[in-house]
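**Q** Throughout the sequence shown, residue numbering follows our numbering, covering 1 to 156 in sequence.
Note that these hints are calculated values from the structure, not bench results.
Incorrect hints may have been included.
[To be verified] The calculated label-pair distances, taken between Cβ atoms and stated as ranges, are: (1) E91 to P143: 36 to 44 angstroms; (2) T58 to S148: 17 to 25 angstroms; (3) G93 to P22: 16 to 24 angstroms; (4) A131 to D42: 23 to 31 angstroms; (5) D42 to K69: 18 to 26 angstroms; (6) S62 to R125: 19 to 27 angstroms; (7) A151 to D42: 17 to 25 angstroms; (8) R14 to G79: 31 to 39 angstroms; (9) D90 to C137: 14 to 22 angstroms; (10) R61 to D25: 39 to 47 angstroms.
[To be verified] Quick list of in silico lysine to any residue cross-link-like pairs, SDA-like style, CA-CA up to 25 angstroms: (11) K132 to L55; (12) K102 to S18; (13) K132 to P19; (14) K132 to T88.
For glycine and all other residues, C-beta sits at the position ideal for the given N, C-alpha and C.
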Amino acid sequence: MQIRIEAFDLPGRRCGASPDFPGYDNIHVAVQRRGLRDELLDPHPGDAPSATWTLDCTATRSASGIDLKGPYIQGRPGGRFVYLSWGTVDEAGTFTLFRRAKLMFDGIDSGVAEAAMGSGLLLARLGLTDAKGHPLCAAVRPPHIEWSAAATGGTR
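Construct the entire structure; sequences and hints are all you get.
**A** Structural data, given as structure tokens:
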């Protein structure tokens, strides 16, 4: 099975400082590997028109529903999620993390999870700019993310 994250409305490469935000330049976003904060999948610049990541995973049925596991899936059963890591990239190409968004699986409707298990693809669609114009962070659940199922390789 696969999870495809389709992101849009990225915040830009620069976020200016404000009283509650220090401001950052050359912002990028990537998926973080489980347990390895510095291992990132396919960083995208913050001014890209969109960003897409495809993650391989396994899906198993349990008493509490469908449990998804994979190299980019974090957390324990019932609390699984994917980290989208926001960071700056310096001239040497070094990514320095400054915030993360947690795409929480507990917001996936059980019917959508079942359909995705059957079709082989779980889609997540979300905008990556918060209400202040900054990179989206914290726990992300519907309605800020839309989960759906599709055929592997297909689009919604």
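**Q** Hint by hint, which ones does the structure fall short of?
**A** As far as the earlier hints go, only 11 is violated by this structure.
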